[in-house]
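Q: Sequence:
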Amino acid sequence: MRWTRTFIPTVREDPADAEVPSHRLMVRAGLLRPLARGVYTYLPLLQRVILKVERIVREELDRIGAVELTMPIIHPAELWQETGRWDVYGPLMMRLEDRHDRPFALGPTHEEVITDIARKEMRSYRQLPQNLYQIQTKFRDEIRPRFGVMRAREFLMKDGYSFHADQASLDETYRDYHGAYSRIFERCGLEFRAVEAESGAIGGAVNHEFMVLAENGESGVLSCDACGYAASDERAEGVRVDHLPGAGHEPGPLTDVETPGKTTVEEVAELLGRPATAFVKTLLFTTDGKPVAVLVRGDREVSEAKLSRHLNASRLEMADAVTVRALTGAEVGFAGPHGLPGEVRIVADYSLAGRGDLVAGANRTGFHVTGFEIGRDVEPDEWADVSRVAGGDPCPRCGARLRESRGIEVGHIFDLGAKYSTAMDATFLDESGRARPFLMGCYGLGITRTVAAAIEQSHDERGIVWPVAIAPYEVEVIPLNMDSAAVVEAAERIYAGCREAGLETLLDDRPDRAGSKFADADLVGIPWRIVVGEKGLQAGRAEVVERRTGRAEKLAPDQAVSFARERIESGRRGD
RNA sequence: CGGGGAGUAGCUCAGCCCGGUAGAGCACUACGUUCGGGACGUAGGGGUCGCAGGUUCAAAUCCUGUCUCCCCGACCA
Numbered sequence: 001m002r003w004t005r006t007f008i009p010t011v012r013e014d015p016a017d018a019e020v021p022s023h024r025l026m027v028r029a030g031l032l033r034p035l036a037r038g039v040y041t042y043l044p045l046l047q048r049v050i051l052k053v054e055r056i057v058r059e060e061l062d063r064i065g066a067v068e069l070t071m072p073i074i075h076p077a078e079l080w081q082e083t084g085r086w087d088v089y090g091p092l093m094m095r096l097e098d099r100h101d102r103p104f105a106l107g108p109t110h111e112e113v114i115t116d117i118a119r120k121e122m123r124s125y126r127q128l129p130q131n132l133y134q135i136q137t138k139f140r141d142e143i144r145p146r147f148g149v150m151r152a153r154e155f156l157m158k159d160g161y162s163f164h165a166d167q168a169s170l171d172e173t174y175r176d177y178h179g180a181y182s183r184i185f186e187r188c189g190l191e192f193r194a195v196e197a198e199s200g201a202i203g204g205a206v207n208h209e210f211m212v213l214a215e216n217g218e219s220g221v222l223s224c225d226a227c228g229y230a231a232s233d234e235r236a237e238g239v240r241v242d243h244l245p246g247a248g249h250e251p252g253p254l255t256d257v258e259t260p261g262k263t264t265v266e267e268v269a270e271l272l273g274r275p276a277t278a279f280v281k282t283l284l285f286t287t288d289g290k291p292v293a294v295l296v297r298g299d300r301e302v303s304e305a306k307l308s309r310h311l312n313a314s315r316l317e318m319a320d321a322v323t324v325r326a327l328t329g330a331e332v333g334f335a336g337p338h339g340l341p342g343e344v345r346i347v348a349d350y351s352l353a354g355r356g357d358l359v360a361g362a363n364r365t366g367f368h369v370t371g372f373e374i375g376r377d378v379e380p381d382e383w384a385d386v387s388r389v390a391g392g393d394p395c396p397r398c399g400a401r402l403r404e405s406r407g408i409e410v411g412h413i414f415d416l417g418a419k420y421s422t423a424m425d426a427t428f429l430d431e432s433g434r435a436r437p438f439l440m441g442c443y444g445l446g447i448t449r450t451v452a453a454a455i456e457q458s459h460d461e462r463g464i465v466w467p468v469a470i471a472p473y474e475v476e477v478i479p480l481n482m483d484s485a486a487v488v489e490a491a492e493r494i495y496a497g498c499r500e501a502g503l504e505t506l507l508d509d510r511p512d513r514a515g516s517k518f519a520d521a522d523l524v525g526i527p528w529r530i531v532v533g534e535k536g537l538q539a540g541r542a543e544v545v546e547r548r549t550g551r552a553e554k555l556a557p558d559q560a561v562s563f564a565r566e567r568i569e570s571g572r573r574g575d
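Heads up: the first sequence at position 175 corresponds to 175 in the working numbering, and the numbers run straight through without jumps.
Do not take every clue at face value.
Ranges between beta-carbon positions, derived for each pair [what the hints assert, rightly or not]:
(1) Glu553 - Glu191: 24 to 30 Å
(2) Gly391 - Arg99: 52 to 58 Å
(3) Lys120 - Arg175: 25 to 31 Å
(4) Glu553 - Asp14: 28 to 34 Å
(5) Ser570 - Arg5: 28 to 34 Å
If you are wondering where the hints come from, they were derived from the structure by calculation, not from laboratory data. Idealized CB from N, CA, C, for every residue including glycine.
Could you build all of it, start to finish, from the sequences and the hints given here?
A: Shown next as structure tokens:
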């Protein structure tokens with residue numbers, strides 16, 4: 001393709017609203033343009049990348065026997081009301097009405113639609129298992145779309161769904177997807193982790209997230225180099241402790257200390273000269289209208305995801321200031337575990353196990369207490385693992401130190417069990433003629449997000465550095481001086497040679513100066529570049545340059561083509 | 001949803017406090033010089049200053065309302 005015949009609107013300046021490299025570079029390199037908040041046009045270069053990612057996805061899903069179909073984007077409300085998700089998904093759904101005022105939504109995901117197909121069309125265990133997927137635009141009216149295509153309101157997703165007569169069959173397909181996803185992200189040239197995760201609004205029991213490791217990732221990942229344990233920060237387990245309070249020291253008296261205006265652990269720790277680990281942090285929540293006090297060590301944070309799961313709560317909120325005052329009799333900042341009203345359920349985190357002589361809020365404005373003993377001064381209703389695990393904490397499996405990194409969630413696979421089939425009365429007849437609900441799995445993969453993640457993981461200060469497997473073009477031919485007949489002729493010959501060699505080739509035939517062509521080439525990030533200039537040509541040489549390393553080989557033109565071909569073919573294989 | 005910030009040329013922004021009829025750089029067009037890392041000169045095109053009201057002889061500038069966009073937060077006591 002000739003640069004002047006396609007459409008690659010590069011820009012020199014960073015867009016004002018782009019915060020992360022992938023967003024900035026996608027706009028600057030002429031891949032992406034915004035239309036509305038979180039809504040984008042995929043320009044020709046990005047379209048090529050998307051097609052390549054989709055192709056890899058299709059190939060790997062074919063290998064595990066998944067079959068492609070396309071479901072509607074517009075979903076009638078009744079379908080979502082059947083599972084209760086019309087309300088659960090709530091404002092996340094883009095809603096609309098038809099001319100008869102009937103409510104519809106633009107599909108944010110397709111469990112309901114596919115389950116409707118299953119209950120109508122799959123009657124017998126003989127038809128199972130089924131493994132279906134589609135690649136389609138999804139709509140989610142995100143609270144805060146940002147980072148370009150990483151959290152957009154309209155985005156491309158591959159979503160797959162499987163139906164099974166028994167758990168063994170579901171387990172097998174789940175493992176197949178686990179493997180297929182791993183191969184997909186490997187082939188895309190990405191460094192990733194499969195981690196245990198929270199299931200969120202989709203539901204179900206077992207699930208894994210596929211995280212591309214990147215500094216700007218929106219999710220935290222805890223992983224253990226020793227045993228391979230890996231989990232999202234919302235899921236990662238703390239170490240459970242058996243013998244609970246017993247601190248192994250002589251308890252001292254519970255003493256009030258004045259801490260006027262000091263409401264945070266840090267402030268009180270500084271005032272009293274005690275480390276944050278010697279504090280009981282008391283957090284008040286409301287769950288389904290009932291108050292819960294959560295006790296964690298002072299240096300810990302409560303994980304609302306873990307707490308919510310522990311309480312089996314449908315709604316969980318921090319208590320507001322009015323509630324805090326009513327429950328503790330003190331201003332916010334002085335809450336403590338002892339003397340709370342009886343209706344408050346007290347959950348102690350394992351991080352406090354075995355600790356004594358603690359500092360806690362006094363439930364009295366301007367005061368904390370020292371010498372606090374769990375077991376003596378408060379008896380928790382239960383012990384639980386509800387704090388957020390951090391890097392350096394012991395691995396729950398093997399005890400080695402966990403490492404914390406950031407990740408971009410590019411895939412998520414779920415064992416849904418019978419959640420949707422039961423809610424929607426989707427059953428099949430088993431061998432004995434009994435109706436049983438389908439067991440289901442669902443498997444999402446963000447196509448456009450994967451592209452953003454690839455850039456996030458592979459760029460430098462000058463621009464994108466595409467992995468060969470998903471690059472919009474594999475090689476770019478750059479004639480440095482379009483006024484020189486010799487240069488143009490040589491470049492044309494190389495361009496033709498590359499195409500004959502089966503390489504996806506871009507020819508920068510713009511009449512621009514060398515400097516701006518180099519700058520754009522770096523920005524757009526085609527993995528290989530063949531530079532044709534007058535000086536080199538006089539010596540009978542063209543220059544093959546690798547974008548990633550900047551390494552250049554000066555070769556005769558036909559050798560340049562075969563050299564590039566060799567390297568690109570090896571790049572396609574992922575060597 | 002709460003808080004903050006911003007809407008002026010295609011892009012990035014200045015001008016606003018202190019009203020006097022709109023600017024810079026980049027981009028774009030033409031010509032010339034240049035030509036292996038975002039050149040330079042000359043000439044030129046392009047803006048109802050988000051929108052609607054108001055104050056004023058006069059509003060990008062002051063006031064009111066409204067819309068949109070961006071950032072942060074959504075309570076870790």
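Q: Indicate, hint by hint, whether the structure satisfies it.
A: Structure-based check of each hint:
1. The hinted window of 24 to 30 Å between Glu553 and Glu191 holds, with their beta carbons roughly 27 Å apart.
2. The beta-carbon spacing between Gly391 and Arg99, approximately 55 Å, falls within the hinted interval of 52 to 58 Å.
3. Checked against the hint of 25 to 31 Å, the C-beta distance between Lys120 and Arg175 comes to roughly 29 Å, which is consistent with it.
4. Checked against the hint of 28 to 34 Å, the C-beta distance between Glu553 and Asp14 comes to roughly 33 Å, which is consistent with it.
5. Distance hint check for Ser570 and Arg5: the Cβ-Cβ separation is about 29 Å, which falls inside the suggested range of 28 to 34 Å.
Violated hints: none; the structure is consistent with every hint.
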